[in-house]
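Student: This is what each chain is made of:
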Amino acid sequence: MKINHAALGGLLGLALVMSTAYAAGPTDPQIAAIVVTANQVDIDAGKLALTKAKSPDVKKFAQLMITDHSGVNKSAVELVTKLHVTPEPNPTSRSLQKGGDDNLAALKKLHGSAFDQAYVDHEVAYHQAVLDAVDTTLIPSAQNAELKTLLVKVRPAFVAHLEHAKKLQSELGR
Amino acid sequence: MPGVRSLLQASAAAVVSLVLAGTAASSAATNSAPKAYKVIMLVVGFDPSALTVKPGDKVTFVNNDLFPHTATADDKSFDSKSVAPAATWTYVAGKPGTHTYVCIFHPNMKGTIKVQ
Numbered sequence: 003m004k005i006n007h008a009a010l011g012g013l014l015g016l017a018l019v020m021s022t023a024y025a026a027g028p029t030d031p032q033i034a035a036i037v038v039t040a041n042q043v044d045i046d047a048g049k050l051a052l053t054k055a056k057s058p059d060v061k062k063f064a065q066l067m068i069t070d071h072s073g074v075n076k077s078a079v080e081l082v083t084k085l086h087v088t089p090e091p092n093p094t095s096r097s098l099q100k101g102g103d104d105n106l107a108a109l110k111k112l113h114g115s116a117f118d119q120a121y122v123d124h125e126v127a128y129h130q131a132v133l134d135a136v137d138t139t140l141i142p143s144a145q146n147a148e149l150k151t152l153l154v155k156v157r158p159a160f161v162a163h164l165e166h167a168k169k170l171q172s173e174l175g176r
Numbered sequence: 267m268p269g270v271r272s273l274l275q276a277s278a279a280a281v282v283s284l285v286l287a288g289t290a291a292s293s294a295a296t297n298s299a300p301k302a303y304k305v306i307m308l309v310v311g312f313d314p315s316a317l318t319v320k321p322g323d324k325v326t327f328v329n330n331d332l333f334p335h336t337a338t339a340d341d342k343s344f345d346s347k348s349v350a351p352a353a354t355w356t357y358v359a360g361k362p363g364t365h366t367y368v369c370i371f372h373p374n375m376k377g378t379i380k381v382q
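Note that the protein sequences, when read in sequence, are chains H and R.
For the first sequence, the working numbering assigns the number 3 to the initial residue and increments by one for each residue that follows.
For the second sequence, the working numbering assigns the number 267 to the initial residue and increments by one for each residue that follows.
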């Protein structure tokens, strides 16, 4: 895997922040901010890939990321609005945002097949990191039952995205 | 009194015939009435993923997910196009045959409808 260093640093940062920032786990407002940021970061990467990717299959994947993660964010925003929860920026959401910005900056310098490879490599690592965070921190920490249910409901989509990205990764590597 | 006996036998036969005819009519009505089925669309898969129906039966796909999905037959016999979250789409079974289908957005979602 030829993942760029800036993006890798961001993902390692996510794992580190998740494990050290919350002695008692993030609160529901913090989880809401993490969920919205995590989805938005992937939507932004997908939008860039739609304009720059060379492979039609990578473009299709990018469109799927935009559609699915927008769907999650729509549901998340509707839920926090209903629950009168205001998403609260925190070390994890800021780390995700910075990792996303660094990834976009690195991807913007690439073209053609190199772009496709770097975008898909990052998608594999990103979805794995987000899944780990969902399993080890977000679902166990969520207090509100509806927020927990939402996280449980979106998890299979992240698994499907990860498998899809891995398949693309192996096809691009041929 | 053979006349009375014959009459009784004829009456019994008529009753049996009527009962049989009624059963047959009722059975025919059951067989011909189209049935309605429901398939839930989730990113983990279609539920149920395999259905056996008869021509004319209705299969309603219900998107209970946060994402749009499709039910698109590999043999092009039906295609829901994009079904939005909370929306539904109904397929009316056509000619007999086995149709495998997928969600074109999430190819891990696969199902089969057998029309017989």
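Treat the hints as calculated values from the structure; they're not laboratory data.
Everything numeric in this text was worked out from a predicted model, so none of it was measured.
For glycine and all other residues, C-beta sits at the position ideal for the given N, C-alpha and C.
Worth double-checking, as some hints may not be accurate.
To be verified - Pair ranges (Cβ atoms, derived):
hint, chain 1, residue 1, chain 2, residue 2, range
1, H, V154, R, T354, 20 to 26 Å
2, H, T69, R, Q382, 18 to 24 Å
3, R, K347, H, P158, 18 to 24 Å
4, R, I306, H, K169, 24 to 30 Å
5, H, K110, R, V310, 30 to 36 Å
6, H, G175, R, A299, 38 to 44 Å
7, R, T378, H, T88, 43 to 49 Å
8, R, T364, H, P58, 53 to 59 Å
To be verified - Below, a list of computed lysine-lysine pairs in the DSS-like style, where the Cα atoms sit at most 27 Å apart:
hint, chain 1, residue 1, chain 2, residue 2
9, H, K76, R, K304
10, R, K347, R, K304
11, H, K62, R, K301
12, R, K347, H, K61
Student: So, for every hint listed, does it hold in this structure?
Tutor: Here's how the hints hold up against the structure:
{"no.": "1", "hint": "H:V154 x R:T354: 20 to 26 Å", "in the structure": "holds, 23 Å"}
{"no.": "2", "hint": "H:T69 x R:Q382: 18 to 24 Å", "in the structure": "violated, 35 Å"}
{"no.": "3", "hint": "R:K347 x H:P158: 18 to 24 Å", "in the structure": "holds, 23 Å"}
{"no.": "4", "hint": "R:I306 x H:K169: 24 to 30 Å", "in the structure": "holds, 25 Å"}
{"no.": "5", "hint": "H:K110 x R:V310: 30 to 36 Å", "in the structure": "holds, 35 Å"}
{"no.": "6", "hint": "H:G175 x R:A299: 38 to 44 Å", "in the structure": "violated, 55 Å"}
{"no.": "7", "hint": "R:T378 x H:T88: 43 to 49 Å", "in the structure": "holds, 46 Å"}
{"no.": "8", "hint": "R:T364 x H:P58: 53 to 59 Å", "in the structure": "violated, 30 Å"}
{"no.": "9", "hint": "H:K76 x R:K304", "in the structure": "holds, 26 Å"}
{"no.": "10", "hint": "R:K347 x R:K304", "in the structure": "holds, 17 Å"}
{"no.": "11", "hint": "H:K62 x R:K301", "in the structure": "violated, 37 Å"}
{"no.": "12", "hint": "R:K347 x H:K61", "in the structure": "holds, 19 Å"}
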